[in-house]
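Enquirer: Sequence:
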Amino acid sequence: MPLPQQASAHTRPGAAPSQYERHGAWVVVARGAYDMDSITPLAEALDAAVRAYPKVILDAAGITFADSTLLNLLILTHQGGTLRVVAPSPQLQRLCEITGVDSILETRDSVEDAAVS
1 MPLPQQASAH TRPGAAPSQY ERHGAWVVVA RGAYDMDSIT PLAEALDAAV RAYPKVILDA
61 AGITFADSTL LNLLILTHQG GTLRVVAPSP QLQRLCEITG VDSILETRDS VEDAAVS
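Residue numbers (UniProt numbering): 1 to 117.
Everything labelled a hint here was simulated from the structure, so no lab data went into it.
Quantities reported herein were computed from a predicted structural model and do not represent experimental measurements.
Just so you know, even glycine gets a beta-carbon here, dropped at the ideal spot from N, CA and C.
There could be a bad hint or two in this list.
[Said to hold, decoys possible] In the SDA-like style, the derived pairs of lysine to any residue whose C-alpha atoms are separated by at most 25 Å in a straight line are:
{"hint": "1", "residue 1": "Lys55", "residue 2": "Ile75"}
{"hint": "2", "residue 1": "Lys55", "residue 2": "Leu73"}
{"hint": "3", "residue 1": "Lys55", "residue 2": "Ala115"}
{"hint": "4", "residue 1": "Lys55", "residue 2": "Val116"}
{"hint": "5", "residue 1": "Lys55", "residue 2": "Glu106"}
{"hint": "6", "residue 1": "Lys55", "residue 2": "Ser103"}
{"hint": "7", "residue 1": "Lys55", "residue 2": "Pro17"}
{"hint": "8", "residue 1": "Lys55", "residue 2": "Val101"}
{"hint": "9", "residue 1": "Lys55", "residue 2": "Ser68"}
[Unchecked claim] Each pair of labels, with its calculated beta carbon distance range:
{"hint": "10", "residue 1": "Tyr53", "residue 2": "Ala16", "range": "14 to 20 Å"}
{"hint": "11", "residue 1": "Thr99", "residue 2": "Glu21", "range": "26 to 32 Å"}
{"hint": "12", "residue 1": "Asp37", "residue 2": "Ser117", "range": "30 to 36 Å"}
{"hint": "13", "residue 1": "Val116", "residue 2": "Asp37", "range": "32 to 38 Å"}
Kindly produce the complete structure, drawing on both the sequences and the hints.
Expert: Listed below in structure tokens is the structure:
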């Protein structure tokens, strides 16, 4: 009998994101750890959002761990439309900096700022 998958040591896997509309932009709120085993719910939410809204905001304040899987998703989402990332954690911000992804993504301090700018 196979063992159940365990959450990474960093934190629980990324939960299904919550979503809502703000000033005509679609906000996707991510929480938890994102890697190749846990990215699917977030990827599906961002894909649907970028197809339906001219501006998509990822509220990243609740992301506790991210690897290249999340970076790839952010790049793909950015290529599909306007993506703004709000309040990335220091770990996510550093990951974006050392890979150069910060030069293509727009970051904001708050959802409100991202929605109205």
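Enquirer: Determine for every hint whether it applies to the structure shown.
Expert: Now the hints, each set against the structure:
1. Lys55 to Ile75: Holds, at roughly 15 Å.
2. Lys55 to Leu73: OK: lysine 55 and leucine 73 at ~16 Å, within 25 Å.
3. Lys55 to Ala115: It holds: about 8 Å lies between the C-alpha atoms, which stays within 25 Å.
4. Lys55 to Val116: 10 Å, holds
5. Lys55 to Glu106: Holds, at about 12 Å.
6. Lys55 to Ser103: 18 Å, holds
7. Lys55 to Pro17: 17 Å, holds
8. Lys55 to Val101: It holds: about 19 Å lies between the C-alpha atoms, which stays within 25 Å.
9. Lys55 to Ser68: 23 Å, holds
10. Tyr53 to Ala16: 14 to 20 Å: At 19 Å between Cβs, range holds.
11. Thr99 to Glu21: 26 to 32 Å: 31 Å, holds
12. Asp37 to Ser117: 30 to 36 Å: Taking Cβ atoms as reference, aspartate 37 and serine 117 lie about 34 Å apart, which means the hint holds.
13. Val116 to Asp37: 32 to 38 Å: 36 Å, holds
Checked against the numbered hints above, the structure breaks none of them.
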